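Each residue of the sequence shown is one higher than the one before, counting from 1 in this note's numbering.
I should point out that these hints are in silico values taken from the structure, not numbers from a laboratory.
Among the clues, some could well be false.
Claimed, not checked - Simulated crosslink set (BS3-like; lysine-lysine; CA at most 25 Å straight-line): (1) 299 with 250; (2) 233 with 250; (3) 191 with 250.
Unchecked claim - FRET-style restraints, in silico, Cβ to Cβ: (4) 218 with 46: 38 to 46 Å; (5) 217 with 2: 50 to 58 Å; (6) 208 with 258: 19 to 27 Å.
This one's a predicted model, so the numbers in the text were calculated from it and none came from an experiment.
All residues carry an ideal CB built from backbone N, CA and C; glycine is no exception.
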Amino acid sequence: DLPGGTVLFREGDAGNRLYIVRNGELEVIKRMAMPEEQVLRVLKPGDYFGEMSLFNPREIRTASVRTRTPVRLLELEMGAFRSLVERRPAILAVMVRELTARFSDSEKTLIRALRKKSVKMRQQSSALRDAESLAAMGRAAASLAHDLKTPLVAIGGFTSLVRRHLEEGSADRNKLDIVLAETRRLEAMVKDMLDFARPLELRCAMVNVEAMVDVSLAVVQPSAEGRGIRIEKTVSDEIPPMHLDDDRLKQVIINLLLNAIQASATGQAVSLGCRGDSDGLCIEVADRGCGGPMECRDKVFSPFFTTSGL
1 DLPGGTVLFR
11 EGDAGNRLYI
21 VRNGELEVIK
31 RMAMPEEQVL
41 RVLKPGDYFG
51 EMSLFNPREI
61 RTASVRTRTP
71 VRLLELEMGA
81 FRSLVERRPA
91 ILAVMVRELT
101 ARFSDSEKTL
111 IRALRKKSVK
121 MRQQSSALRD
131 AESLAAMGRA
141 AASLAHDLKT
151 PLVAIGGFTS
161 LVRRHLEEGS
171 ADRNKLDIVL
181 AETRRLEAMV
191 KDMLDFARPL
201 ELRCAMVNVE
211 AMVDVSLAVV
221 QPSAEGRGIR
231 IEKTVSDEIP
241 PMHLDDDRLK
251 QVIINLLLNA
261 IQASATGQAV
271 SLGCRGDSDG
281 LCIEVADRGC
291 GGPMECRDKV
301 FSPFFTTSGL
């Protein structure tokens, strides 16, 4: 039993216990390299917390927890938790689904905070201040990503270990396959956040442009077919090999195509044009949608700007 306003533990503290909320409310807090603290979520009866440190070999708390009201908690230490998971491995599937939801919520909280910084940045006239604000955004993204990376790797390893002891085709083994797939997806999301945080490094090489375009099309084709959208490709003859970063340009093409597909109505077509010579390369993606609002068009290249609701 704890009174309101009590800090149960702080970010960076050692810890090897999981807690379950029986009564009351708590808040999970993280600074994420910003001067002001961010409330990632509010915990209510039936919620649990502290599990991240159980998957972290150093048993370090990745956020602070403070009571909002008087609370009553149940406590589960590391040994009891591992014993429980070994007896009922399906619990891991539930925990990874919860971790996925929490990651998404934390990411949205981070983006909202970064957007506030972005608004302040646009109001400032100094280029130096703009650069410092962007650097702070990068540090915030890196902070969250690093905190998630280690426990995700540990979850994947622990899940693989438990999975090997189960019979092929068993219900629990199938559930652990889902856990592993979700863990890999979260690891990819963390990698994307780390990529944002570090300075841009291009890995350029001579690339077959048409082959790169075809790979990009193959990635988005299922999304297009699922929405009844045609993709019409036009590539000029004899585009020479180009010196560019294949992976990053593919990601740009994929993102543009996905945006065009989402903006199109069933039965419409999205066009992808590509032409180039020794002087340069031009890739164009066009759709027949209504287009973005005029007031948004000067913001489309701003960090974290989106017309999609979070």
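Evaluation of the provided hints:
1. The straight-line distance between the Cα atoms of residue 299 and residue 250 is roughly 23 Å, inside the 25 Å bound, and the hint therefore holds.
2. At roughly 15 Å between alpha-carbon atoms, residue 233 and residue 250 fall within 25 Å of each other, so this suggested pair holds.
3. Between residue 191 and residue 250 the alpha-carbon distance is near 17 Å, which keeps this suggested pair within the 25 Å criterion.
4. Evaluation of the 38 to 46 Å hint for residue 218 and residue 46 yields a pass: the beta carbon distance comes to about 44 Å.
5. For the hinted restraint 50 to 58 Å between residue 217 and residue 2, the CB-CB distance of approximately 57 Å keeps it satisfied.
6. Taken as a hint, the range 19 to 27 Å holds for the pair residue 208 and residue 258, whose Cβ atoms sit roughly 23 Å apart.
The structure agrees with every numbered hint stated previously.
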